[in-house]
Amino acid sequence: MRDALRRVSLGYLVLAATAVAYIVVYTSRLGRFPTSFDYLSILNTTLPLVFVAIGQSLVVLTGGIDLSVGGMVSVCVAVTATTVSSSITWLFVVLAIGTACGALNGLIVAYGRIAPILTTLATLSIFTGLGLRVLPVPGGSIPQEVRLVLTNPATPTGLIWLGLAVAGWLVLRRTRFGMRVYAIGSDEASARAVGVPAAAVKLKVYALSGLCSALAAVFYVSTTTSGDANAGNPFILTSIASVVVGGVAFSGGRGSALGAVAGAVALTLVIDILFFSGIDPLYQSLFQGLFLVVAVLLGTVAALAARRRRQA
Amino acid sequence: MSSRRVLYALGGTVAVLLVGAILHPGFASWSSLRVMLVVASFTGFVAAGQMLVVLVGGIDLSIPWVLNGAAIVLTTSSLGQTSRAPLAILLALGVGALVGLGNGMGVAWLGVPAVVMTLGMNGVMQGLTLGLSKGLTCASCGSYAPEPLRGLFDGALPAQLFLWAGVGLFMTVLLTLTTFGRRVYAVGVNPRAAFLSGVGVRGVTVALYTLSGVFAALAGIALVAYGGQPSLGLGDPYLFESIAAVVVGGVSILGGRGHYLGVIAGSLTLVAVTTFLQAQRVPEYGRLMIYGLVILAILFAYGREKAHD
Amino acid sequence: MTETSSMAPAQAEPGSETLAVRASGVDRAFGGVQALRDASFAARPGEIHALAGENGAGKSTLIKVLCGLIKADKGTVEIFGTEVSRVVEPAARRRMGVATAFQELSLLPDLTVAENLLLQDPPRGRLGLVQRRRLAPAAEEILNRYGVDDIDPRATAADLSVAQRQVVELVRVLAGEPRVVILDEPTAALADRQVDWLAGHMRRLRDAGSCVIFTSHRWREIESLADRVTVFRNGTHVATRDTLSEAEAVTLMSGRSFAGAYPQITTEPTDDNALSVTNLHSGRLAGVDFDLRRGEILGVGGLAGQGQRDLFLSLFGAQRVRRGTIAVDGKAVTIRSPKDAIRAGVGIAYVPEDRKAEGLFLPLSIRDNIAAATLSRRATAGFVNRGKERAVVKSIVDQLNIGAGRSTNRAADTLSGGNQQKVVMARWLLTEARILLLFDVTRGVDAATKHDIYELVGTLAAQGRAILYYSSETEEIAHLCHRVLVLREGRVAAELAGPVGDAERIVAASIKEGQDA
Amino acid sequence: APAASGEKAGKIKIALSNSFIGNQWRVEMENVYKAACAMPPYVDQVECSVFNAGNDVSTQSRQISNLISQGVDAIVINAASTSGLNGVVQQACDRGIVIVSFDNTVDNQCGLTVNTDQIKFGQQLAQFIVDELNGQGNVVMVTGVAGTGADNDRNKGAKEVFAANPGIKVVSSYTGMWDSATAQRATSAQLPNLPEIHGVWVSGGTDGVIKAFVAAKRPMPVVGGEAENGFRKFMAGILTPKVNGMSIGQPPFLSVISLELARAVVKGEHPKSSITIPFPVATSDKMVPGETVFPDLPDSFFADFTDSGPNATVILCQEAATDGTPCPGKTLDVNLGTP
Ligand SMILES: Nc1ncnc2c1ncn2[C@@H]1O[C@H](COP(=O)(O)OP(=O)(O)OP(=O)(O)O)[C@@H](O)[C@H]1O
Ligand SMILES: Nc1ncnc2c1ncn2[C@@H]1O[C@H](COP(=O)(O)OP(=O)(O)OP(=O)(O)O)[C@@H](O)[C@H]1O
Ligand SMILES: [Mg+2]
Ligand SMILES: [Mg+2]
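Quick note, the sequences are listed as chains A, B, C and D, same order. Residue numbers for the first sequence follow the numbering used here, beginning at 1 and rising by one. Residue numbers for the second sequence follow the numbering used here, beginning at 1 and rising by one. Residue numbers for the third sequence follow the numbering used here, beginning at 1 and rising by one. Residue numbers for the fourth sequence follow the numbering used here, beginning at 1 and rising by one.
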């Protein structure tokens, strides 16, 4: 338990730091503390990224990477926006589609033995094309009831879903499957040798990432109220950034999806911090880039210090 | 083993061209090939740098804005004058080198994962480029690339192709004939063993990222010479494209294996596929899907990892 | 059943009690390499069965086939009479009571000891969820049950020493109280005390009716432990015997015969100090002093994990030195990296124990591997002089008899383990280093190659090179070295004049405070 | 929440939320907005601010939410996705904030829009080509970024016109991604496989397409394209060969009109209604340096940052577009037309 805390501490630290900075910048700018409106809108806009980041972190924990999240989100956004208003049961079809897309990645990675980054680079293109086929022009809609249940702009229903996502992870972490995810990321060959069915686990992990992308898509359409076949693109790099800021090791085996959730929220707060600090828009990406590098740098320094302490 | 992959990559290119020629007469004519080679050369430059970092298990995501920044540096510092061209070229390449150096230091000395370091650096370069050129509206931003550079693309056998051949020669000599090349593969295959054999792993890594920056800048110079003037977003298409070209060229994404000859073939294959699909008037969604499927097919043909059992 | 018994292999006993494990007619190739050809093997319940053979004889491959990690190209595998040839899934074998400790340790580095031990069967509560809080206590209980009390179940596996990792791996296997236990070179990384511990458990399992199969390159262990021995050569079963003398075994394994196990040290060290170390602090080392003379083979002994590895790595610049001075030929030197150490003026070479992880570039050619540490010596303006390189590599390959005269263009991973180790040695000999740090270079090397290495070490010393020698086999240090330093808790606890001859003396000095120092 | 739009005593607060700034059009659009803000009447009446969102919908949502918190009176939006901001825009409307979106507009009906008619863009250029070719010839279509409303509308308008003229044959259609460099590469690659081309219809990246024709030494077709300065330089004969073409641009000053609309609505001087403005159109026979073409500015510059003529919607100076600085000694007069 103490171990687990130490491992994800980077994400929490960064989140805490950005939260403090956010409140400071906000209050100094507006002369009052953030209101429930602010918290609620942060929550609702971050939810899609939170889900993608959870899926991405699962994949990264096995030592892989999923670039196709962009495509999967796009497909699912397209299908959600075009179908769900006709019947809410389509929501489940969307989740099934996302899972199937992810499972396809998993099949290719686990049984086709093609490196994850390459597999998902190729399927990104395929899924993006698919999304464009389903929804050539932005549009579509989502029923108001769905919206009020998922991302109600007036009440924090989003908190429930965030809580469920966190709880889902905690449960997953406490299954044998969860332990196996870490085992594979730590050393796949050894994991196989001690009886971990690596291919099957990886298949499930990628499928889960697809499911997470589908959930993200549903929440995305719910916050924006309609769809766009290019909606998924920004999630590729932001989900990777969340995972990294959240302290999940790229080599796999270390970190936690909760860290990635913290990372996702922190990245959203950075947007707000930049907003309230009145930086010249032309220079904005410079600060975002610096934030990424510095956050991770602090993480490596902290890890080094921890190792020093352990060795001493 | 890895030279066999080069053959596969070349075979892939030939196959795509053949299919294209059969379904679309004239597709593989010299005039068509000539253009595809020129277009592929831009990818080829970028992919040269990407390949170098991939050889040591890294990746360079800062390519888009290094490329764009270098292109703008070239025109704004040369002001379109031939006499200032050499200096401007050096300056543009220098910018690329500097950013690459920064990437390399971050990865090798500070231990920041390559994905993060280069992604962050891309943002930094975007901010600096936009800010310093005031969104490409600065006084000298209307300058053209100096005339001699723009002549690179003229003629039946454009000078640009010789430039690409030069890059090919440089890469091949560097990687196969020099001690540096040997060290690159050693680091790519087993960094720990390389370190214990007295290879300056960090130095090699920094050098490779620096070279990657230089190649991205070179691509920026070539692109601005091709179009005459820079635009914003010039480098965007080259991020995923460079990675795709590297792997279609048979370079192992895990590092330590691959040759630039394969990457040349890979760049050409990608351009040929895109050109063919556009010529067939396949709609955008179909193009994206087929492009992805072709890459998958190529990966299945020769990009698979070893079986575990 | 009748079919398989009709093609009963040579070793199947006439009295047909049930066999625990049985493989017959097994073929297995890796790429072009035939690791097993028509291999047969059988072991009974209630016996300790040793599997002997040179490096590359196919022992590990057979074990991987038996435990379902890889599939046989041909042939059948039976566990307690049930044919399982088609099932490639270690978990399924495990359910049949087969547990395996692999030669390449299979601990998961990022997981804790507890997670490693309980990965397949963690304590679960309601809803079948893993009770993470109970992991460490449960693991501790298991470790204690097997008499292990110096390993923290909460520690991350990567932070353990090699010996500790081996112990955890073994406990993981033993803990299931399996009916078939397969141990692939379980003792290679263990100190003698731990070997005894393991032997006890192996005997206990046998007495309880389990079938215990193990491999080892140490004849002493096979002799003292095994009820029966099976010898493999070139992927094929050669013989299975109840008793076997060492000489006979070596002949069976290699098709050759050897004089004594250890060559006599015939030369004496000179009086010149090649290396002087004063008050060295690095990693676990807390102030080490010693001199190493030209022509001397200086052994480093002690229990595993007393700072031996730190000593070698820090002398080679691969690990940070906190304090202390290193002098070569009487001149103080600063060594910040292996590059500094290799530099001609200093001339230190380090041959690592773990050739796959720290020595070889497996996919690269033998030539590239051998040339790697001396590239710039044969280069003009950064360009490799290929002709010269080929000549130099050829001469060293011939000298060490690597790879039976085949092309040096072949990838290093096509070589057998012994040959791979020679490739690493060759790389370092090319540096013409005057100080050689040999760290457990015979680990997991077969008898024949070991013998070659002993002779080589002797020759190098005779040439006037200074050699620092560590081995996990104390026996080796006892016979091979002019002098032995015994490390304990990061300090030199004793210095024994050699050849010590008797490993017991080194062991005694490792344990006891301040003896004949 | 405090009703921020309550007191109208001081300056009114109007913010520009732009989806991204990665291309020249966006830069000019922001520049003319900033310039307008520094000119009367805005400099006295309006407190302006500008935000960019890296082409990411969720970033833009965050910014708009923050603007709501800040209590602005109006938000002028160029959206990262026409559909992606519906939710947050609704929340702004609910709080009485005036929303005006332009260019890539917001679908949500509670906001106002200022835009051009993209279908008409396609039609008008296509009709020009058809007329110049007398209804006979081979035409190439270079489209924009797939999946966006504008691309779709422009293509639709063009296809209608070409389909109505049986003598016109669309021999090829590929994307130029609204980017000159991409359009140039794609066109270069396609040309060897194409028969003689008489007309080119370009949704964006026009100068790149022309450069590809020049490099391939192909006869120059009639070109209908966007308002890139490079294209206009060819049309004016500043770059050779002189191109016969029509240039219609999505005008960057849409942001200024939106600013005016927002101001006027907040002040109650204009009814809450959307505006469609006509395109500034330029043809090869009427090119005026310093007005419709700018020899010293980059090819990628959009030459239609200002309207011209007696009925001009708004007249701006070059510094406004390049530097975002106010035009000397002028009160900005924006003609919103009659609602
Ligand atoms: N990892 C490997 N990959 C491919 N081929 C291998 C590998 N390891 C060994 N081989 C090949 O298998 C052959 C048989 O292996 P083996 O270990 O018996 O080697 P060997 O040539 O007999 O050497 P030695 O006599 O020194 O043991 C080797 O000669 C080598 O060519
Ligand atoms: N994964 C693999 N790929 C290629 N060749 C392999 C592989 N595993 C084993 N080999 C080769 O198969 C042969 C038999 O190897 P194996 O590991 O079974 O030998 P061993 O008897 O266990 O040797 P050692 O005593 O060194 O452990 C060797 O030549 C070895 O190099
Ligand atoms: Mg052999
Ligand atoms: Mg073995």
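Some clues are possibly wrong.
What the hints assert, rightly or not - With a cut-off of at most 20 Å between alpha-carbon atoms, the simulated SDA-like pairs for lysine to any residue come out as follows:
1) D:242 <-> D:155
2) D:217 <-> B:97
3) D:217 <-> B:110
4) C:71 <-> C:103
5) B:306 <-> A:63
6) C:71 <-> A:277
7) C:356 <-> B:84
8) D:286 <-> D:274
9) C:71 <-> A:63
10) D:242 <-> D:273
11) D:11 <-> D:50
12) D:242 <-> D:173
13) D:217 <-> B:192
14) D:272 <-> D:285
15) D:156 <-> A:136
16) B:134 <-> D:214
17) C:71 <-> A:113
18) D:169 <-> D:116
Worth flagging that the hints you see were computed from the coordinates, not collected in a lab.
Hint check results:
no.	hint	result
1	D:242 <-> D:155	violated, 26 Å
2	D:217 <-> B:97	violated, 36 Å
3	D:217 <-> B:110	violated, 52 Å
4	C:71 <-> C:103	holds, 18 Å
5	B:306 <-> A:63	holds, 16 Å
6	C:71 <-> A:277	violated, 63 Å
7	C:356 <-> B:84	violated, 54 Å
8	D:286 <-> D:274	violated, 31 Å
9	C:71 <-> A:63	violated, 25 Å
10	D:242 <-> D:273	violated, 42 Å
11	D:11 <-> D:50	holds, 16 Å
12	D:242 <-> D:173	violated, 24 Å
13	D:217 <-> B:192	violated, 56 Å
14	D:272 <-> D:285	violated, 39 Å
15	D:156 <-> A:136	holds, 12 Å
16	B:134 <-> D:214	violated, 30 Å
17	C:71 <-> A:113	holds, 17 Å
18	D:169 <-> D:116	violated, 28 Å
Checked against the numbered hints given earlier, this structure breaks hints 1, 2, 3, 6, 7, 8, 9, 10, 12, 13, 14, 16, 18; the rest are met.
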